[in-house]
Amino acid sequence: MKILSLSIWKKESEKAEELMSIHEVSEFGYFQRSTVLEFLKFTSSFMATRTTPGERKSVKEKEYICHSLTKSDGIGGVLICDEEYPQRVAFTFILKVLDDFVKVHPKSSWSRAPFAEIPEIRQQFVLYQDPRQADSLTSIQGDLDETKVILYNTIEQVLERGEKLDDIVAKSENLSATSKQFYKTAKSTNSCCIIL
Amino acid sequence: WYQRRVRALTTQPILDSISLLDISEPIILECGHLGISKKIFKSLGLYAHDQFNSYSALPDSEEKQENLDKLSSVLILLNPDDSRYWCHRKRVCRDSMNATLLEAELWLTSHPLKLKPKSPEAFSHCKWLLRNNSSLVTHTIIRDQLALCHKTAVQYKQNYYSWTHRIWLVKNFRPLLDFDRELAASKTWIESHISDFSGMNYRFNLILISFSISPDVLSKKSMSKILVQEIIFMCELITFYPDHEALWSYLRMLFLFCDSHKLEYVKRCKEQLGVIEKIKNSYADRFRGSLIIANLFGISL
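Protein sequence lines correspond, in order, to chains A and B. Numbering-wise (our numbering), the first sequence opens with residue 1 and increments by one. Numbering-wise (our numbering), the second sequence opens with residue 197 and increments by one.
Note that these hints are calculated values from the structure, not bench results. Nothing here was measured: the structure is a model prediction, and the numbers come from that model. Each hint should be verified, as a subset may be incorrect.
Said to hold, decoys possible - Listed below are the simulated EDC-like cross-link pairs for lysine to aspartate or glutamate, each with C-alpha atoms no more than 16 Å apart in a straight line:
hint : chain 1 : residue 1 : chain 2 : residue 2
1    : B       : Lys-353   : A       : Glu-12
2    : B       : Lys-347   : A       : Glu-27
3    : B       : Lys-353   : A       : Asp-82
4    : A       : Lys-187   : B       : Asp-218
5    : B       : Lys-383   : A       : Asp-130
6    : A       : Lys-184   : B       : Asp-218
Construct the entire structure; sequences and hints are all you get.
Okay, structure coming up:
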């Protein structure tokens, strides 16, 4: 049960700009970590861009799930976790983090993005690794959030018509040449995904 | 050149991890993490295997034994599924063994597990070593073995061999470990690995062992109390994570045990009936799966 990545995005029209992010890749092999980190950032950016204000999306890819939420006031959050992590708590956590973020960095200051990790949000990130404990402490259970979540079984399903994932990976600024090569190799051998 | 690589693998001190990588260099070592190129891994294995056969064919000598010893230590890493090299290691150990050598051999055996955390041969070799040298086994050795089980369980999800080995350690070397700590650790593990049925089975085995520990056989009432706590624990987890089959399977296992041991007291435990009712009402379709549960509590569905 693990949250791997949490990122906060400024959503203006179609573009998404990163405001802050926290990642946890220690469970991956030492030499894999930098590639994993790049793919976490890539996937987060990908999902943030494609989640319009008011929308909630959850994408499952092999044993990981990416939850994305964009509020109507131009701020969004993306959380990447494993399939054990409950969806309801994931979205509750994103909403909480977005509120906490705006208290420290109001919209007027966003031109200075990206921001360093906020210690309080890092604390929450650690706390929410145990969703049962975090849920009981924040006692949000009373809030029955009925907002519908759009579910996707693979990341490819999130693409628009005519878009190809290979092209998006090739053009991505988030991925180094090594990672792009890794994507090609992994795809050709159909081996287990790293956050894609 | 290959010989230098073979030597390098046998003389590394402490390794946190070993991985196969798509790299151009044959071997890289960073901060205790060893990376071996996927490309050369196979050819290295074949070369070492050829060397092993060549040396085996020579007349006996100290040089031959030393080389075979070095080669087999590397070959268990390069080809952990081939039992020939494990057999050779057993022959080497059988001839000479003391506390230091036992620790060294166990340390050597941990390497294939870094690369392949689910290697049955490696775990089997550990058991063979401990079983045949039980007088040399210390608290430290058992502590390291438990740490190895934990690490391999983390690296490979639902690692059946790792958890089975852990149970074997507890059953055979209980005086050398902290049983209560194992019990507590198993609970923490389940809370954060709700799909790991092997981990749950481990905890269940610990509970059964705890029943047999007391000098005066635990009364059915005491056993029931412990099991009731466990049932409540499962129900609480299920309430929060209703969609995970492993939790339901473990709950069913607990009920089946209570029923087969005729633990009538469990039925009369009012505190847990409330939790059961709640689960039954919320997830009737999954609950219905076990008639035993319904019969046990006289709950008609």
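Structure-based check of all given hints:
1. Our distance criterion of 16 Å between C-alpha atoms is broken by B:Lys-353 and A:Glu-12, whose separation comes to about 40 Å.
2. With a C-alpha separation of about 11 Å, the suggested pair B:Lys-347 and A:Glu-27 falls inside the 16 Å cut-off, and the hint holds.
3. Pair hint B:Lys-353 plus A:Asp-82 holds up; C-alpha atoms about 12 Å apart against a cutoff of 16 Å.
4. For the hint linking A:Lys-187 to B:Asp-218, the alpha-carbon distance of about 14 Å falls within 16 Å, and the restraint holds.
5. Our distance criterion of 16 Å between C-alpha atoms is met by B:Lys-383 and A:Asp-130, whose separation comes to about 13 Å.
6. For the proposed pair A:Lys-184 and B:Asp-218, the alpha carbon gap of about 12 Å is at most 16 Å, so the pair holds.
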